[in-house]
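Enquirer: Residue-level listing of the chains:
Number of protein chains: 2
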Amino acid sequence: MPLPIKIVFLGTSASSPTKERNLPSVAVEYEGSTYLFDCGEGTQRQLMQNSISPQKIKAIFITHMHGDHVIGVAGLIRTLALNKRTDPLEIFVPEGEEKKLMPLITFDKAFINYKIIIKGVRAGVAMKGRGFSVHAFKLMHSVPTYGYSFQEEGRVRFDHEKCKKLGIKGSMYSEIEKKGRIRVEGKAVSLKSVAKELKGRKIVYATDTRPTKTTSKISENAELLIHEATYADEFQELAKQRLHSTASEAAEVAKRGKAKMLIIFHMSARYKSPSALLKEARKVFKNTEAAYDGMVITL
Amino acid sequence: MPLPIKIVFLGTSASSPTKERNLPSVAVEYEGSTYLFDCGEGTQRQLMQNSISPQKIKAIFITHMHGDHVIGVAGLIRTLALNKRTDPLEIFVPEGEEKKLMPLITFDKAFINYKIIIKGVRAGVAMKGRGFSVHAFKLMHSVPTYGYSFQEEGRVRFDHEKCKKLGIKGSMYSEIEKKGRIRVEGKAVSLKSVAKELKGRKIVYATDTRPTKTTSKISENAELLIHEATYADEFQELAKQRLHSTASEAAEVAKRGKAKMLIIFHMSARYKSPSALLKEARKVFKNTEAAYDGMVITL
Numbered sequence: 000m001p002l003p004i005k006i007v008f009l010g011t012s013a014s015s016p017t018k019e020r021n022l023p024s025v026a027v028e029y030e031g032s033t034y035l036f037d038c039g040e041g042t043q044r045q046l047m048q049n050s051i052s053p054q055k056i057k058a059i060f061i062t063h064m065h066g067d068h069v070i071g072v073a074g075l076i077r078t079l080a081l082n083k084r085t086d087p088l089e090i091f092v093p094e095g096e097e098k099k100l101m102p103l104i105t106f107d108k109a110f111i112n113y114k115i116i117i118k119g120v121r122a123g124v125a126m127k128g129r130g131f132s133v134h135a136f137k138l139m140h141s142v143p144t145y146g147y148s149f150q151e152e153g154r155v156r157f158d159h160e161k162c163k164k165l166g167i168k169g170s171m172y173s174e175i176e177k178k179g180r181i182r183v184e185g186k187a188v189s190l191k192s193v194a195k196e197l198k199g200r201k202i203v204y205a206t207d208t209r210p211t212k213t214t215s216k217i218s219e220n221a222e223l224l225i226h227e228a229t230y231a232d233e234f235q236e237l238a239k240q241r242l243h244s245t246a247s248e249a250a251e252v253a254k255r256g257k258a259k260m261l262i263i264f265h266m267s268a269r270y271k272s273p274s275a276l277l278k279e280a281r282k283v284f285k286n287t288e289a290a291y292d293g294m295v296i297t298l
Numbered sequence: 000m001p002l003p004i005k006i007v008f009l010g011t012s013a014s015s016p017t018k019e020r021n022l023p024s025v026a027v028e029y030e031g032s033t034y035l036f037d038c039g040e041g042t043q044r045q046l047m048q049n050s051i052s053p054q055k056i057k058a059i060f061i062t063h064m065h066g067d068h069v070i071g072v073a074g075l076i077r078t079l080a081l082n083k084r085t086d087p088l089e090i091f092v093p094e095g096e097e098k099k100l101m102p103l104i105t106f107d108k109a110f111i112n113y114k115i116i117i118k119g120v121r122a123g124v125a126m127k128g129r130g131f132s133v134h135a136f137k138l139m140h141s142v143p144t145y146g147y148s149f150q151e152e153g154r155v156r157f158d159h160e161k162c163k164k165l166g167i168k169g170s171m172y173s174e175i176e177k178k179g180r181i182r183v184e185g186k187a188v189s190l191k192s193v194a195k196e197l198k199g200r201k202i203v204y205a206t207d208t209r210p211t212k213t214t215s216k217i218s219e220n221a222e223l224l225i226h227e228a229t230y231a232d233e234f235q236e237l238a239k240q241r242l243h244s245t246a247s248e249a250a251e252v253a254k255r256g257k258a259k260m261l262i263i264f265h266m267s268a269r270y271k272s273p274s275a276l277l278k279e280a281r282k283v284f285k286n287t288e289a290a291y292d293g294m295v296i297t298l
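Line by line, the protein sequences are chains A and B. Numbering of the first sequence is given in numbering that gives the first Met the number 0, commencing with residue 0 and proceeding in unit increments. Numbering of the second sequence is given in numbering that gives the first Met the number 0, commencing with residue 0 and proceeding in unit increments.
Here chain A stands alone, though its shape is the one from the complex (with noise of 0.2 Å):
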């Protein structure tokens, strides 16, 4: 069984919040870490309603640097370090904007008592875990924004009966897996023969942004996407001058990538019900949900 991956939506609103909705901010857990993509206003309060420890939190993956996407980040670490972290943090920001959080951090010489590690990132691999890997790809907004995509790595999974017949015993398992095939008893064994591969599940993260072929591109199957619907398909010229997305564009990102499922979110707080983007975005794609605060995907 493949380990789960918890996605909870801790703030789903755009700009400003709402009573139902706080900024946006979206928590992914993976064995026993979690990794936090965008952090607004009121994330560190949002973690505790949804019972996720902030000292699990081992990195944050900032969009872009407009104050609802990042404002969290002076709060979040201030409770960090009266709750005596001694981990470092690493807080990962579009590349030439890692000056702009600092004055979040320093503004009022609170003392942070462990390591803050602002890298910058640009398209490609920004960071490796253990099983995984988070990617960044440049979004289309009025300012330097990256999406982000987590991508487990893929494993295998042995037939051990079928090994133990074969004669496959300790190290023999590391080296099959990684040459693909062995000799056994003077016998070709392969890979395939033995084992399973299991794909790795991933999740697209996309805000704020018009839609974008790279978006589809990297939301090629991957089990979920989560992409920005501002607006309703009225307001399309609005999305297209304010460098958003409408539900139905979201939906199109979603169906040219081949991607399993949409979670739209971030949507304008004129919206108190996202009915009517739902609506529109199904007729595009049809496994399009609704975020919520509080929701939850376990994959």
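The list cannot tell twin chains apart, which means a pair is met if one copy fits it or any two copies do.
Computed list of lysine-lysine pairs in BS3-like fashion (alpha-carbon distance at most 30 Å, straight line):
1. Lys216 x Lys191
2. Lys127 x Lys137
3. Lys98 x Lys118
4. Lys108 x Lys18
5. Lys99 x Lys118
6. Lys83 x Lys271
7. Lys271 x Lys55
8. Lys163 x Lys195
9. Lys191 x Lys164
10. Lys83 x Lys239
11. Lys254 x Lys127
12. Lys127 x Lys259
13. Lys108 x Lys239
14. Lys216 x Lys177
15. Lys285 x Lys198
16. Lys118 x Lys108
Don't read these hints as lab results, they were simulated from the structure.
Add chain B to chain A, keeping to what the hints say.
Expert: Only chain B this time, still in chain A's reference frame:
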């Protein structure tokens, strides 16, 4: 009838939020305007939860520049800009700390389309409004910290029947109010004989601080003293060390100042329920209540 003064507790936790309590902020609503005391992270959403329009905020009074009391300014001012505010916004901070607020305003180069006026306060009148003033007074904490008292001006209520009989009319009302006595048809009339003087109401806000004599003095006859009570008595040493107050120390301040009512707030996140703190405070000062998020007091 005097105009109602509505006090709304938006956040009542200390240092870091809890599931139930946001970071410190108290709103005072008076004559259609709102005055905020402190503005912890998430305050803008707490305003929404309590149906207070952020556009009605005239001024924000910051006690001190520790992040948990001020980070909410960053998101709030951006939402006000998105909502097309044109009125200026005054933000009061301890004198000498004005520059520390700037990074929260400018870090992402957000477009703020109204004036933000940062004013340094020292002991004395910080702001004069129509029918009230806000006074600042020094507190005792690890960084420059000021408490604030919202003081309504005294009002005069005329006995109009009596006035009519004596021939008082038109501009004579303001004349007698100003001078204390006038001559009407050759006869001396004192203000006292035709009017009652209604004392202005007073609300005192004191956090973060050790108990001080100044706070007691300012609280004389206050309708309400809102005082921090970070710890229970068993942590008195810690309170001294960290320059905070215990619940019974807060109650001593209220007792000495003969305040009419005490609200303890800014309770450490370790207290899931404030009942222990409340019990200790009430032993010293009976008319004590513990604040909770969303608590409303109307005077």
